Amino acid sequence: MTLEQMVRALLARALPSRLAGDAADDLLADHRRVRAARGTTMAALFLMRESLSLVLVFVLAAISRLARSLVIVRRDVAHALRAIVRRPWSSAGAMLMLAAGLAAVAAASGLASSLLFRPINSLRAGAVHRLAAADQSGRVRLAFSEVELERVRSGLPAAATLATANLQPVVLRVGETDVQTLAEVAGGPYFDIIGLSTSLGRPLVGADAAPGAPPQIVISERIWRRRFARDPSVLGSVVRLNGRAFTIVGVTAGTSNASLLGGSVDAWITLAHADAMLDRNWRTNPDNRWWTTLVQADATAAAEMTAALARTTADLASRLPEPWRERKLVTLPGTLLAGSQRSAAVTLSQVLALFAGLILVAAAAARSWRRWCSCQH
Amino acid sequence: MATIGEFEVLILMAVMRLDGEAYPPAVRAEIEQRTRRAVSRGAVYITLDRLETKGLLGSRLADDAGGRRQRRYYHVSPKGVRAIKRTLSALEQMREGLEPLLGKA
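Chains as they are written, first to last, in our numbering: chain A, 2 to 378; chain B, 161 to 265.
Think of the hints as simulated: they come from the structure by calculation, not from any bench. It should be emphasised that the depicted structure is a prediction, and the values quoted were computed from it without experimental measurement. Check each hint, because a few of them may be wrong.
Claimed, not checked - Pair by pair, the computed Cβ-Cβ distance ranges are: (1) B:ARG197 <-> A:ARG39: 18 to 24 Å; (2) B:ARG196 <-> A:THR41: 27 to 33 Å; (3) A:ILE73 <-> B:ARG197: 31 to 37 Å; (4) B:LYS245 <-> A:ARG83: 17 to 23 Å; (5) B:ARG196 <-> A:ARG39: 43 to 49 Å; (6) B:MET176 <-> A:GLY94: 54 to 60 Å; (7) A:ALA308 <-> B:ALA198: 57 to 63 Å; (8) A:ASP31 <-> B:MET176: 48 to 54 Å; (9) A:ALA160 <-> B:ASP224: 31 to 37 Å; (10) B:MET176 <-> A:ARG119: 58 to 64 Å; (11) A:ALA95 <-> B:ARG196: 16 to 22 Å; (12) A:ALA63 <-> B:ALA225: 32 to 38 Å; (13) B:LYS245 <-> A:ALA95: 55 to 61 Å.
Just so you know, even glycine gets a beta-carbon here, dropped at the ideal spot from N, CA and C.
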């Protein structure tokens with residue numbers, strides 16, 4: 002590191018960013034003049050003295066600001082203690098209200114983060130990600146077509162696994178009753194990645210998705226409870242989904258789980274029988290973007306994953322230039338809220354936090370006003 | 161109402177005098193030349209920063225005379241002009257009646 006770089010680094014740390022560059026330029030210009038007039042040694046001493054004094058001025062100013070703020074805190078604490086001694090009951094009431102307010106804010110933010118930012122699979126929160134296509138302005142698209150996913154699958158590193166899902170409204174016929182509900186077409190190890198287990202039977206596995214595999218379905222605990230009266234011999238029964246017959250092979254454990262917030266899913270089928278729910282061109286039309294996509298890869302595979310996504314982006318741009326010209330594959334946090342929903346939730350949280358902050362500021366201003374008025378009298 | 165000290169008044173006046181050419185080394189040189197007293201580099205920079213924070217100065221980035229690099233040039237805001245007038249007026253009022261002791265200068 003040269004002397005010039007050292008001075009620039011030192012000033013960049015100590016001075017406000019809008020001043021640091023100018024100050025370094027001026028100091029180094031003076032340094033060059035001193036070197037020409039008085040030699041290298043004197044110039045080095047000059048530079049050391051001037052840069053240290055410049056830094057010292059700003060450091061002392063920062064310490065002075067901190068000391069002033071501590072004096073204000075000390076004054077406020079003293080005022081609070083006097084108020085407690087003089088008016089213990091009203092002070093206790095104010096403290097209780099403040100504590101209740103803080104508890105309410107903490108509870109609300111905790112609830113919001115647990116509901117809105119809940120990971121899809123809490124046991125593998127850091128390992129499960131959403132796959133998205135981001136444009137240059139950072140807007141993301143979460144849906145992919147099967148044509149695009151074929152390229153993504155072939156480019157994935159060995160340490161990563163990929164699952165896809167498509168949520169659709171369906172008509173599920175149980176016995177003689179039609180139920181309007183939601184079902185998912187699940188691809189890859191979807192149950193494993195979102196942490197969905199079965200209380201009866203088994204989840205859908207790779208063999209269920211093989212071409213020619215018999216139509217199998219997993220139903221939710223709710224459907225099992227309401228439509229089959231928790232009948233343990235439900236496995237092997239036949240239900241009809243959008244008019245097609247499927248054999249029940251499993252019942253999910255507990256409340257149904259989906260990979261999107263608010264998705265209360267009652268049935269899952271595999272890609273092999275997706276025609277029951279999707280447009281018939283879903284396999285071949287690159288514009289039919291039916292699939293939300295999850296990737297499971299732990300932190301050790303992050304660098305490998307980033308490189309693989311960059312390669313796949315280039316591959317997609319060469320094969321499908323129009324939709325992929327200025328887009329790239331990215332991974333997003335694996336939370337139930339995603340994309341624009343997540344942005345909207347973040348904005349809402351910020352507005353609520355701002356609102357709470359304004360209330361606190363208004364309360365503090367009212368308190369200061371009262372103090373000022375009492376001083377005037 | 162912003163209160164300002166003596167050195168801040170000197171800085172504001174130097175910036176006014178330099179009329180659009182007020183970058184930190186020039187401000188420092190202007191004060192040293194007119195007041196015939198040494199001014200530290202740090203004092204100039206931190207005071208310029210403080211006056212800008214108070215809204216008494218504004219600044220813009222522009223190319224220097226040779227066009228070799230960008231500098232930050234300062235100008236006095238209307239609020240800064242009012243602060244100078246107020247301070248000078250206060251000094252004038254305090255000076256009244258002290259002429260026998262202070263002389264004309």
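Hints versus structure:
no.	hint	verdict
1	B:ARG197 <-> A:ARG39: 18 to 24 Å	holds, 23 Å
2	B:ARG196 <-> A:THR41: 27 to 33 Å	holds, 31 Å
3	A:ILE73 <-> B:ARG197: 31 to 37 Å	holds, 34 Å
4	B:LYS245 <-> A:ARG83: 17 to 23 Å	violated, 42 Å
5	B:ARG196 <-> A:ARG39: 43 to 49 Å	violated, 23 Å
6	B:MET176 <-> A:GLY94: 54 to 60 Å	holds, 55 Å
7	A:ALA308 <-> B:ALA198: 57 to 63 Å	holds, 59 Å
8	A:ASP31 <-> B:MET176: 48 to 54 Å	violated, 25 Å
9	A:ALA160 <-> B:ASP224: 31 to 37 Å	violated, 54 Å
10	B:MET176 <-> A:ARG119: 58 to 64 Å	holds, 60 Å
11	A:ALA95 <-> B:ARG196: 16 to 22 Å	violated, 59 Å
12	A:ALA63 <-> B:ALA225: 32 to 38 Å	holds, 34 Å
13	B:LYS245 <-> A:ALA95: 55 to 61 Å	violated, 45 Å
Hints 4, 5, 8, 9, 11, 13 from the list above are not met by this structure, while the remaining hints are.
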